[in-house]
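K.L.:
Listed below, chain by chain, are the residues.
Number of protein chains: 2
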Amino acid sequence: MMPINVLFSARTPRWSEYEAPLRAAFADAGLDVDLRPAAGTTRVADAPPPHADEEVDYIVCAPNGSVTDFGPFTRTKAVLNLWAGVEAIAPNKTLTQPLARMVDPGLTEGMVEWVTGHVLRHHLWLDPQITGQTGAWRPVVPPLARDRPVTILGMGELGSACAEALTSLRFPVTGWSRRAKTQEGVRCLWGDDGLAAALESAQIVVLLLPLTAQTESLIDARALARLPRGAVLLNPGRGGLIDDDALLAALETGQIDHATLDVFRTEPLPPEHPYWAHPKVTVTPHVASATRAGSASRAVAENIRRGESGAPFLNLVDRVAGY
Amino acid sequence: MMPINVLFSARTPRWSEYEAPLRAAFADAGLDVDLRPAAGTTRVADAPPPHADEEVDYIVCAPNGSVTDFGPFTRTKAVLNLWAGVEAIAPNKTLTQPLARMVDPGLTEGMVEWVTGHVLRHHLWLDPQITGQTGAWRPVVPPLARDRPVTILGMGELGSACAEALTSLRFPVTGWSRRAKTQEGVRCLWGDDGLAAALESAQIVVLLLPLTAQTESLIDARALARLPRGAVLLNPGRGGLIDDDALLAALETGQIDHATLDVFRTEPLPPEHPYWAHPKVTVTPHVASATRAGSASRAVAENIRRGESGAPFLNLVDRVAGY
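In order, the protein sequence lines correspond to chains A and B.
Heads up, the first sequence is in the numbering used here, so the first residue is 40 and it goes up one at a time.
Heads up, the second sequence is in the numbering used here, so the first residue is 40 and it goes up one at a time.
Watch out, some of these pointers could steer you wrong.
Identical chains blur together in the list; that is why a pair holds if it fits in one copy or across any two.
As the list claims (entries may be wrong) - Below, simulated SDA-like cross-link-like pairs (lysine to any residue); rule was C-alpha separation at most 20 Å, straight line: (1) K220 with P88; (2) K319 with D166; (3) K116 with I43; (4) K319 with I169; (5) K319 with A175; (6) K319 with W176; (7) K132 with A235; (8) K132 with D259; (9) K116 with A200; (10) K116 with D231; (11) K132 with T113; (12) K116 with T147; (13) K319 with P167; (14) K319 with R53; (15) K116 with R75; (16) K319 with A285; (17) K116 with A68.
Please keep in mind that the hints were generated in silico from the structure rather than gathered at the bench.
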């Protein structure tokens, strides 16, 4: 039997980081794979030359990979994205093959930890304890989690997992999504009316929406004004969800007490950006949603195994909705 | 029927904070209670005079309350402590009545939130992000919780609840206790041999032991040396569990990377104490284990209801073990 030809097209994460985990995952899945990096990928000296385009069975890629014209890949059964977000690749008109988003259990776990950690940090008012040791003993006991409503905008894989973790800590969680959803223990809302109610009750808001034409700048002056005064905003989703000028204005007036941001319209966030020095903003450098090579490689291998056995691919992108 | 005479003896928490919640809890439990503050308790102007000592059925007390000689309370069926820790009251030789420790669901929830919040804070390396916004984009992705072993010393109500929360976030949790215990998903160890193993594997250690002759200064130079280099210590238990000089020395050498301390041998922690200004120490002013008046009052009412109906009291202190 011929090996399965897999092309790796990504600058970040890198070939050197993924080669060994991918080979191990293919072997574990019993797949005979000929894995090669694309031309233009950061390559190591002894990497094999790329496959001919028309002989590639699967493309494992990041949106910043060197393959931008998917037309010549006539035999390719699926394009398997290494990132959860597909807004940089989904609009590519040459990409007519099935496109799968990365659902990496490691990524989900990391996101749950980042969100739970920052929710608890703000809930417990940790910042003054971490930044200021004045020698003054001023015990102020925070409320219990059960009295701290949290709203998650976006109830996909990541939002749903975060809602579950926060619910088990007894935070009252509201989850909002574009389409109707239900989740045990979570107040689920949807649509425009639902959004207003989801914002009005939130002391802490977590943004985990995909970036689409509908969600771009969803968090604008009007949305920020709907939050209770002094709310905290966490954005581990996508930078484009927020109207940055509106957020800076809301921080200025005290409408928003603090924003902890992991993603930005331009990354790296430029050194002169006002977020860096802002006393009410915490910048974390896109670390909330890192794909982990080991578990991501196993997810890639599973989708190739499914493709080869005729089973439907997991986590296919809806090309009309854009996610 | 005669009302049940209950004496309230506490300076902190205060009569003014507890009177209404206690009365509400007694009413909800269907108990006809004559509740009065002890002489010497911070009283409000219209408080009723105390009961005669020999007519008191139950004493609700904090160790800092004005009642220190329990001998005259010949009819008292139980002394119900408002604090989880009983080391300040258990050794009182005049206290021969059954003594119950406070197990407040609000206290447990608050402790779980404090412990989970600080474990995640150290796990995610939040401090540099909170204290320093340098404008430098240096993404360093922390390991997953599944690769961050946490050890909890003390597997009573509080330790067990914290272990459950951390386990559900996928931290590998080791729980150590004096007596053998088991808990699903937790590696349970006990005894002296168990202690060594529990310390050796811990990147983060949480102290939730009672303070007894056996646990006083348990965390001494020898115990600290058993931890992996760079471990983090969280103490929301009792200040006396730690040999402070040994901890300061271990922070100096880097054996311990950080200590977050909520309890101290002297409270308030004196302004000149080296912990305050230490860059590797976070002081939180005894806020992890605050009893919440509402839920604590319901726990008191439930124990009185049990005493009146002949059922065994909940959470009785073992006067030999001291907790």
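K.L.:
Give me the numbers of the hints this structure contradicts, sorted from smallest to largest.
P.N.:
Going through the list in order, the structure violates hints 1, 7, 8, 9, 10, 12, 14 and respects the others.
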